[in-house]
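Novice: Construct the entire structure; sequences and hints are all you get.
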Amino acid sequence: MRALRTLGPIVVVLAVLLALIAAANPFFLEPAGFLAFLKRAAPLVILAAGQYFVIVSGEFDLSVGSLVTVQVVVAARLIDGDEAATWPVLALLVAIGLLIGLANGVITTALRVPSFITTLGMMLVLSGAVFLWTGGAPRGALSEAFRTFGRKDLGPVPWSVLILLAAGGAAIALMRSDFGRRLVAAGDNERAASLSGVRVNRTRTLAFVLSGLAAAVAGILLGGFAGVSAQVGQGLEFQAITAVVLGGVALGGGRGSVAAAMAGAFTLEALFTLLNLYGISGALEFAVQGVIIIAAVAAGAVRLPLRRTAHV
Amino acid sequence: MSDHADSAVARRAAAPEPAVPPPGGPAPEDGQRRARDGAGNGGGRRWAGIGPTQVIYLALLGVMAAGWVLVAIDGGDFLTLETVVGIQQRSAALGIVAVGQTLAILAGSLDLSVAYVISLTSLVAAEIMAGRDGGILPALAAALAVSALIGLVNGLVITRLQVHAFIATLGTALIVKGVLDHLYDGPAGRVPESFQRLGYDRLGPVPVSALLWAGVAAAAWFLLRRTRLGYRIYAVGGDAEVARLSGVRTGRVIVATHVLCSVCAGIAGLLLASRLGAGAPTVGTDGGYDLESIAAVVLGGTALAGGRGGVGGTVGGVLLLAVLDSVFNQLEVNAFAKDVVRGVVIVAAVAVYARRTSRRRSR
Numbered sequence: 001m002r003a004l005r006t007l008g009p010i011v012v013v014l015a016v017l018l019a020l021i022a023a024a025n026p027f028f029l030e031p032a033g034f035l036a037f038l039k040r041a042a043p044l045v046i047l048a049a050g051q052y053f054v055i056v057s058g059e060f061d062l063s064v065g066s067l068v069t070v071q072v073v074v075a076a077r078l079i080d081g082d083e084a085a086t087w088p089v090l091a092l093l094v095a096i097g098l099l100i101g102l103a104n105g106v107i108t109t110a111l112r113v114p115s116f117i118t119t120l121g122m123m124l125v126l127s128g129a130v131f132l133w134t135g136g137a138p139r140g141a142l143s144e145a146f147r148t149f150g151r152k153d154l155g156p157v158p159w160s161v162l163i164l165l166a167a168g169g170a171a172i173a174l175m176r177s178d179f180g181r182r183l184v185a186a187g188d189n190e191r192a193a194s195l196s197g198v199r200v201n202r203t204r205t206l207a208f209v210l211s212g213l214a215a216a217v218a219g220i221l222l223g224g225f226a227g228v229s230a231q232v233g234q235g236l237e238f239q240a241i242t243a244v245v246l247g248g249v250a251l252g253g254g255r256g257s258v259a260a261a262m263a264g265a266f267t268l269e270a271l272f273t274l275l276n277l278y279g280i281s282g283a284l285e286f287a288v289q290g291v292i293i294i295a296a297v298a299a300g301a302v303r304l305p306l307r308r309t310a311h312v
Numbered sequence: 001m002s003d004h005a006d007s008a009v010a011r012r013a014a015a016p017e018p019a020v021p022p023p024g025g026p027a028p029e030d031g032q033r034r035a036r037d038g039a040g041n042g043g044g045r046r047w048a049g050i051g052p053t054q055v056i057y058l059a060l061l062g063v064m065a066a067g068w069v070l071v072a073i074d075g076g077d078f079l080t081l082e083t084v085v086g087i088q089q090r091s092a093a094l095g096i097v098a099v100g101q102t103l104a105i106l107a108g109s110l111d112l113s114v115a116y117v118i119s120l121t122s123l124v125a126a127e128i129m130a131g132r133d134g135g136i137l138p139a140l141a142a143a144l145a146v147s148a149l150i151g152l153v154n155g156l157v158i159t160r161l162q163v164h165a166f167i168a169t170l171g172t173a174l175i176v177k178g179v180l181d182h183l184y185d186g187p188a189g190r191v192p193e194s195f196q197r198l199g200y201d202r203l204g205p206v207p208v209s210a211l212l213w214a215g216v217a218a219a220a221w222f223l224l225r226r227t228r229l230g231y232r233i234y235a236v237g238g239d240a241e242v243a244r245l246s247g248v249r250t251g252r253v254i255v256a257t258h259v260l261c262s263v264c265a266g267i268a269g270l271l272l273a274s275r276l277g278a279g280a281p282t283v284g285t286d287g288g289y290d291l292e293s294i295a296a297v298v299l300g301g302t303a304l305a306g307g308r309g310g311v312g313g314t315v316g317g318v319l320l321l322a323v324l325d326s327v328f329n330q331l332e333v334n335a336f337a338k339d340v341v342r343g344v345v346i347v348a349a350v351a352v353y354a355r356r357t358s359r360r361r362s363r
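From first to last, the protein sequence lines are chains U and F. Taking full-length UniProt numbering, the leading residue of the first sequence gets 1, the next gets one more, and so forth. Taking full-length UniProt numbering, the leading residue of the second sequence gets 1, the next gets one more, and so forth.
Hints were generated in silico from the structure; no laboratory data involved. Even for Gly, the Cβ is constructed at its ideal location relative to N, Cα and C. Treat the hints with caution; some may be incorrect.
[Unchecked claim] Listing some non-contacts, in silico: residues in chain F with all C-beta distances to chain U over 12 Å: (1) 59; (2) 63; (3) 64; (4) 67; (5) 70; (6) 73; (7) 113; (8) 127; (9) 128; (10) 145; (11) 179; (12) 303; (13) 305; (14) 341; (15) 349.
[Claimed, not checked] Computed footprint of chain U on chain F, listed as stretches where at least three residues anywhere in the stretch have a Cβ under 8 Å from a Cβ of chain U: (16) 156-165; (17) 289-299.
Specialist: Set out below in structure tokens:
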């Protein structure tokens, strides 16, 4: 029951979708089938966790999609098939993620630019810069060692699932720490938080850094899983935000849990899987997806106590 | 949008109190008047400084001067008739979308579906025209009706179903995208020659498309400044709760802005169809009209949270982007470098406004 309270109605939706998948494809119930699903979902779930930190603090991060593309393209060009370059490049990618997050955070908090615009500008800068550097298309190749994380297994369990567990655990632990409380407080009521001693700017900046880190990890996983392409991160920012909102987290900040946000990402991924299974792949998939997202968020809103909200 | 009762209470307690003036600022009613002043004309009366609208036009002059110098150093001639016409041509479609987007943003909402609405209306129009002159009027009617309908859906989902505008319009965008991808693989329909004149004719140095943009902008300016709906848009965007308590039907206002925003996107779709000579399922997304229109609005000094700004700033913002584009084209700058500079310019401009606003009003 406690899980239902912190996670909210999204777990019910997720359970129904998983049951529908299992009904159509019994392989899904076997460990291998379910692990394959988790592996596919891992990058989006990690991105959603990162996006959650930013959203719950009252901001947006639209730059994560292009940041993922940057990660993959930079990795491919720098590694260029050279196994020895794997680890230094991995370190560099994480550093890039942290740095971009820091830049987003500082511009948003110190220069007081709305994060929608900061991260929109960052999205333009990142995608422009990386293709300026590679001459318009991705070049080079990833090493085997790099692809291990997105593609290979450790024993029976895929690496990406292990990374997902670690990242998810860390995210939940973070939200239970003082930092998590400060973050929610800053998103709920900036002024009250700052009067009670929360350094709002520093806390928010840290949220952006975490989102950058999540994008770095997701980029590393996606590079291994899906390979190198210029479109690898396209639209991921909207998917991540959608996942977070599906989890019942309020845009504008202050409400919702990180576990629910990750459940939202699983739900979105389950929805993709289900649409594929029932052959609604391709074009109409988007239409169905759009209807379901609106319906799910609307259903979440109806459950609210009767209170006239100023929807912004 | 959550069922955490405790934080809901906290939020209610923290909700802006209409009766108590915010620290460092005048009472809300006053704040609204100030907001309208800050939006442009007459801004200097109450404020010794200059408002964002003036800033954007100063920036526009600055960029034009810098562009002129750079192009001259490069051995070119910046302010030729050709470039001036080019700037107007390039900015007309984005300008029309951005005017609509201004209305939605002023009311505290935003519309991410405009790019797909543009593609859809270009196809609807071109398919109905099918190259016949007689098809023009029905095509115009159908395209505008379709876009108004999408706007109505956006508005109703936001107000009745209480879905955040970001998600609601993203959802309708996905739906329209799905339908477009399902029905079309490439350009379709044909626009008669007479309709193509909308995209290519000009009166002296002024293209017809720029006149269309000016007309749309003037209509939006009139709506915001001279009509009851306009005042209500500012009121709802400034503080929806206060507006509601003062008897404004906030839901209707938001629905109206979304219908108008979508219709503007529809007009832009018609304009693009007349340029292309056909409808195209990717014309809206290729132009990036969704995020770019929002960027242009904010560049023009309209607050993303709503309630402050105006159409004049948006026109300046769109022109600034178009002038930048034109300078880059003349200097033959790489397309990716353009994106980098555009991103930096947008963020830098908004940072400048933010500094000015925070000096006036401590939050």
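Novice: Please list, smallest to largest, the hint numbers that this structure does not respect.
Specialist: 7, 11, 12, 13, 14 and 15
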